[in-house]
Amino acid sequence: MGIEKMELVTLVGQMSELDLCLDKCCESGCFHIEPAFSSVGTANGLTMLNEKNGYSAQLKEFERLASELGIELEQTDHSGYAPRTPEEFAQRAKEIGQSFEEISQRRKQAQQKISEVNGAITQIDHLKGMNSDFKEIFSCKYVAARIGRLPTDNLEKLDYYDENFFFVPFETESLYCWGMYFCPENEKAIIDDLFRSMYFERITLPGFVEGDSDKALKKLKQDLEQQQAESDECSRQMELISQQVKDEILKAYSKLCYLHGTFELRKKVGFMSGKFYIKGFVPKKDKKHFSELMQGFESVVVSYMPPDADANCTPPTILKNSWFTRPFNMLVEMYGLPNYGGFNPTAFVAVTYTVLFGIMFGDLGQGFLVVLLGLLVGKKLNKNAGGMMVRCGLSSMVFGTLYGSVFGFEELLDPMYEQLGVDFLPLKVFKQTNFILVTAVGIGVALIIMSMLINIYVGFKQKDYEKAIFGCNGIAGLIFYSSVAAGLVGTIMFDMKIMSLPFVLCLIVIPLVCIFCRVPFSIAVKYKKFRLSADEDEKMTVGGFIVENFFEMFEFLLSYISNTMSFLRVGGFVLSHAGMMLVVMTLMDGASAAAQPVVLVIGNAFVMAMEGMIVAIQIIRLEFYEIFSRFSESDGVPFEPVGTKFSATPE
Amino acid sequence: MLDGLSSNATVSKIRAIHGRMLTKDNYHEMLTKRSVQEITEYLAATPRFASVLADIDPNTVHRGFLETLLEKENFDTYIRLCQFQQLDKIPFFDFLIEKTEIDCILMLINSINTGVDRSYLNDLPGYVINHTKLDLLELSSADDFNKLMKLLRGTPYHKTLVRAALSDDGTVDYTECERRLRTQYYTNIIKNAEEAFPDSQSDEVVRMVKQDIDFLNQINAYRMKAYFGFSAEQIKKHQIKISNIGKKLDSYYELDTPEQMLEWLNKNEAQADLTDVSTLEVGMQREKFRRLEHQIYRSFNAPVVLYAFTQLCGYETSNIIHIIEGIRYGVDPSYIENNILIC
Numbered sequence: 015m016g017i018e019k020m021e022l023v024t025l026v027g028q029m030s031e032l033d034l035c036l037d038k039c040c041e042s043g044c045f046h047i048e049p050a051f052s053s054v055g056t057a058n059g060l061t062m063l064n065e066k067n068g069y070s071a072q073l074k075e076f077e078r079l080a081s082e083l084g085i086e087l088e089q090t091d092h093s094g095y096a097p098r099t100p101e102e103f104a105q106r107a108k109e110i111g112q113s114f115e116e117i118s119q120r121r122k123q124a125q126q127k128i129s130e131v132n133g134a135i136t137q138i139d140h141l142k143g144m145n146s147d148f149k150e151i152f153s154c155k156y157v158a159a160r161i162g163r164l165p166t167d168n169l170e171k172l173d174y175y176d177e178n179f180f181f182v183p184f185e186t187e188s189l190y191c192w193g194m195y196f197c198p199e200n201e202k203a204i205i206d207d208l209f210r211s212m213y214f215e216r217i218t219l220p221g222f223v224e225g226d227s228d229k230a231l232k233k234l235k236q237d238l239e240q241q242q243a244e245s246d247e248c249s250r251q252m253e254l255i256s257q258q259v260k261d262e263i264l265k266a267y268s269k270l271c272y273l274h275g276t277f278e279l280r281k282k283v284g285f286m287s288g289k290f291y292i293k294g295f296v297p298k299k300d301k302k303h304f305s306e307l308m309q310g311f312e313s314v315v316v317s318y319m320p321p322d323a324d325a326n327c328t329p330p331t332i333l334k335n336s337w338f339t340r341p342f343n344m345l346v347e348m349y350g351l352p353n354y355g356g357f358n359p360t361a362f363v364a365v366t367y368t369v370l371f372g373i374m375f376g377d378l379g380q381g382f383l384v385v386l387l388g389l390l391v392g393k394k395l396n397k398n399a400g401g402m403m404v405r406c407g408l409s410s411m412v413f414g415t416l417y418g419s420v421f422g423f424e425e426l427l428d429p430m431y432e433q434l435g436v437d438f439l440p441l442k443v444f445k446q447t448n449f450i451l452v453t454a455v456g457i458g459v460a461l462i463i464m465s466m467l468i469n470i471y472v473g474f475k476q477k478d479y480e481k482a483i484f485g486c487n488g489i490a491g492l493i494f495y496s497s498v499a500a501g502l503v504g505t506i507m508f509d510m511k512i513m514s515l516p517f518v519l520c521l522i523v524i525p526l527v528c529i530f531c532r533v534p535f536s537i538a539v540k541y542k543k544f545r546l547s548a549d550e551d552e553k554m555t556v557g558g559f560i561v562e563n564f565f566e567m568f569e570f571l572l573s574y575i576s577n578t579m580s581f582l583r584v585g586g587f588v589l590s591h592a593g594m595m596l597v598v599m600t601l602m603d604g605a606s607a608a609a610q611p612v613v614l615v616i617g618n619a620f621v622m623a624m625e626g627m628i629v630a631i632q633i634i635r636l637e638f639y640e641i642f643s644r645f646s647e648s649d650g651v652p653f654e655p656v657g658t659k660f661s662a663t664p665e
Numbered sequence: 005m006l007d008g009l010s011s012n013a014t015v016s017k018i019r020a021i022h023g024r025m026l027t028k029d030n031y032h033e034m035l036t037k038r039s040v041q042e043i044t045e046y047l048a049a050t051p052r053f054a055s056v057l058a059d060i061d062p063n064t065v066h067r068g069f070l071e072t073l074l075e076k077e078n079f080d081t082y083i084r085l086c087q088f089q090q091l092d093k094i095p096f097f098d099f100l101i102e103k104t105e106i107d108c109i110l111m112l113i114n115s116i117n118t119g120v121d122r123s124y125l126n127d128l129p130g131y132v133i134n135h136t137k138l139d140l141l142e143l144s145s146a147d148d149f150n151k152l153m154k155l156l157r158g159t160p161y162h163k164t165l166v167r168a169a170l171s172d173d174g175t176v177d178y179t180e181c182e183r184r185l186r187t188q189y190y191t192n193i194i195k196n197a198e199e200a201f202p203d204s205q206s207d208e209v210v211r212m213v214k215q216d217i218d219f220l221n222q223i224n225a226y227r228m229k230a231y232f233g234f235s236a237e238q239i240k241k242h243q244i245k246i247s248n249i250g251k252k253l254d255s256y257y258e259l260d261t262p263e264q265m266l267e268w269l270n271k272n273e274a275q276a277d278l279t280d281v282s283t284l285e286v287g288m289q290r291e292k293f294r295r296l297e298h299q300i301y302r303s304f305n306a307p308v309v310l311y312a313f314t315q316l317c318g319y320e321t322s323n324i325i326h327i328i329e330g331i332r333y334g335v336d337p338s339y340i341e342n343n344i345l346i347c
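If you read the sequences in order, they're chains A and B. Going letter by letter, the first sequence gives residues 15 to 665 in this note's numbering. Going letter by letter, the second sequence gives residues 5 to 347 in this note's numbering.
If you are wondering where the hints come from, they were derived from the structure by calculation, not from laboratory data.
Straight-line C-alpha distance at most 16 angstroms; calculated EDC-like pairs for lysine to aspartate or glutamate:
| # | chain 1 | residue 1 | chain 2 | residue 2 |
| --- | --- | --- | --- | --- |
| 1 | A | Lys171 | B | Asp127 |
| 2 | A | Lys74 | A | Glu102 |
| 3 | A | Lys66 | B | Asp336 |
| 4 | A | Lys540 | A | Asp478 |
| 5 | A | Lys281 | B | Asp336 |
| 6 | B | Lys37 | A | Glu278 |
| 7 | A | Lys282 | A | Asp33 |
| 8 | A | Lys282 | B | Asp29 |
| 9 | A | Lys122 | A | Glu82 |
| 10 | A | Lys66 | B | Glu33 |
| 11 | A | Lys442 | A | Glu424 |
| 12 | B | Lys17 | B | Asp80 |
| 13 | B | Lys76 | B | Asp107 |
| 14 | A | Lys282 | B | Glu33 |
| 15 | A | Lys289 | A | Glu31 |
| 16 | A | Lys265 | A | Glu102 |
| 17 | A | Lys281 | B | Glu33 |
| 18 | A | Lys74 | B | Glu42 |
| 19 | B | Lys195 | B | Asp98 |
In isolation and in its complexed conformation, chain B is listed as follows:
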């Protein structure tokens, strides 16, 4: 019981930071801006991003660097929250670091497949280097998949990726690698939660992770059916599979047309009316957004609240990037507003 109570301060801290996150009104105001410079000035004046943008000159800052700084703020916040009550000593709380490592490995695989020299090192976020267990800089020396495997030897990622089929031209199936790594990621989270927390807490974490997996699988299955005409078997093969999870989706995968899938989703998942492809992803993401906000205010478990919070931070950054891109390319503000994730 005392273990549970000991992380209440972290939960309160997260709720306080969540209270400073950008609101619908903030996004609305941002949509009235006409340049990246104005957006930077606006963000620098918000309590949420004031500290990270304090030393920035809005007139000279590069758009990419601005986005990197927003992501850095999210990552640093997560690190600070984990260190606040020494939660970082519990393996579960490495979930964002592990996710970052996986994203970097996938970035490298993509770079190897496309043969674009240096793109991995250029895109590697510098703020994560000192926090990951994997030497992400050392990985940059891998110019083919075999070398990457050699560098990953001794890490959990080696076992996961070693069986991925290598084609004659030296490339590897990116989608398969992604599926394997994501499966490993979610399996680890569930395992770590079950080992570290009492039943009531771990149940809540597992329930949330299962919802995450179902969400990914549902969207991916729809894409596979709508854009590539995959059969039920092919769809099942490409899903994230974790024992006892997603069995109820079998009937969804077996549907014949994308329209039937939409109907199924309308009936079983989304509260919003998903009328076509354009509304599907935004509608479902908004559904998830609502669920995460609910978790933050309903739950008293630090693992659940932190996990939900990091995802909300990701949505917030993606909304800002969406707005910046929209403004740069002169997109109608009402179109952008319809596509950003707010409730």
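Only chain A is shown next, with the shape it has when bound in the complex:
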């Protein structure tokens, strides 16, 4: 349960085999492509294949055909479909288009007229009340009239022009003002130019609009009906054609999506002297499968290198997880993937999350319902969320059994423990409040120490000595924190005098000095030099160093205390859960015999929904703030194997 090992792969071959090679990369399902080099231009004679995708136009053409015929695009098996080149697709698109071109044209004309008529109706609505003949207005000999919309911001400017025109606004919206302007016929070129410069969008009224507004509207509505009938008839005929060509269009479009996607990958391919150059990563476990796929080529040479061989590429991260931890992957991804050389915290999260949920939401009955709900969610909605719920529900059942709580009935399991002869169980929450709170803090201390150990492991792995040895979460921090914790527990709880001078000096003061001087110490270990700042160019004075580190130390010490105390909420929720169920039970006792089952069901449902969610969120908070922040570096790149996506986006 770590991070999947990667291999850096380079593929070099003749351009004639590029398309097939990219096909195989997609087919492999395990190839994460990287740009052949980082800049867009050329480097050492290597050029990026930034060509125009020849399939784009055909993809749009088939989208247009599907849209015109009312075909909903969906992914279809295209294995038997012959055309492959853009020219072949263009030919088929032309043939299909010709089969309904005439009908389509008729329908388009009808629809265009319908739009024109509707537009004209909108315009005439603005002109209602003007009892003049429109034809007369637009055919004036000395006056030109224009209808359209002007950006609202430019309205105020109109008053400052000296030119001979006037603008009549009809309706002002946030962006545009609908209106009409008039100007002398012989100056219309200048005025049109002026309005164009203010981004006036002119709308032309259809030629058949005539008479006053009422007459015009009547005529327009008659025309609208005629055009609608014509359009409907054309649509019926188109429907018949659509049924005949639907299969072919779907196959062609699916194949085009695949070819278009493969071609897009060329943008990451380098080209030099007739040869292509592809770079990417393959998981080590899939190396054999990938090599087998690449064997059929004449010219393609596949080379494998260590993942860190190219400084320009960051190896992607795949988290390796078992069946138990896999659903918790989503929490780690939510925080940020660890980098390739980092630590996979999923197992740690899985165990701690499950246990903490059980402790905070311990109820045998409610836990069982969470398991059932989890199975349902996993099947119908989200597999990972369902999986998490099942694991948390089981944990809740285990701790519910320890607390002796079943749907809020705290004495239901007592006879069972009496029969078994276990006298310290069930744990009576309200009678052992102190024990619960102290245990919660103890769990916190243990988890923080574990997080520090993980940080030390990661620090040594990355040869980061500041992180591993001298940092507040390194060996120095671990010794300081665990010594203080042990000292306090020993002195307060067990009355042991372990805070002696040597203990304090060796296990508290010296680690604190190490944390304070972590930067110069780590530089001394790594580079055998003395420097106060990690940045070579920064001139840090001794005074500045002391002030800066004093405040940082203050923050570290404060965070040790606050992070530990933060775990008190674990105990707090145990009490709160029991408290809320006590309220439900009290309400139930006060209700009539008939209402008692209803109160019990509603009360349990309310507590499950509200507290279940709060507990889930609070644990995420504990994981992210108190645990992850100590070791996690979430700068990993997700592994994205190349492939082509089907996208149905007809215009």
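Assemble chain B onto chain A, guided by the hints.
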């Protein structure tokens, strides 16, 4: 202390908007588009420009109007940010309005000099009219420099421009007017910052403005030397001069050749390798871009963050315009990408 804290919400808001700004990947994707219509559709789908382009029909929108809308979005964002915590009551925060006023006056002077009728009114951005202290529409009636001076009487710009030399043909030295107005602009910003903010805050603002001035002076001096062969004295005469600023540039102005200037810049200013004129401006602008981004995330002072943010917005719009122009005129996408300001 509480004064400083009171504008933290504005800083957070700016950072949130900055997070929505176009990224390198966005520009890369835009470069794969083939028409203004496709670019408009793309921009309308981004969270950054979705609201301002919501009512636009990509099929009919004019390229110029699209650019105006992007600039309007930047200006409206700036106004909203200033009003958010009533920062607009502090004179410093008028800096963009003042800059717009200066740009409009310069546009008008250019229009008067070239004699192109109406060009000022056509190009005047309508969205600023209601925000400026100066009546920008009224200025459109000025058809010569004297009339412009008459209309500017009573404003701070009158005093700045009144001494600009008028030539016999009625034109005025545009470069000199620009230098005077820009000097006034930067002087005002520094003065307003020093008056309104505590020392630590105003120091940060002043440092940023000084960097701005140095940046302008360095580029202008290089142009003067490379394209017009100006002497050190002539170069100094045309620089933005504010007391205690730019003294270290004297040695730069006194260099004999443009190549020496490039070498000086490589050594003292730019981290990128400035090899020739073509890389100089983009290289230095990118340097400035990096500095502004750094200010946005490093500083907790609203004046600094807002000032840096407005400049980044300007760079963003200029990148988009660059891409649109490149696509319209069929320029190689890799050439455009090399010239847009991204880090």
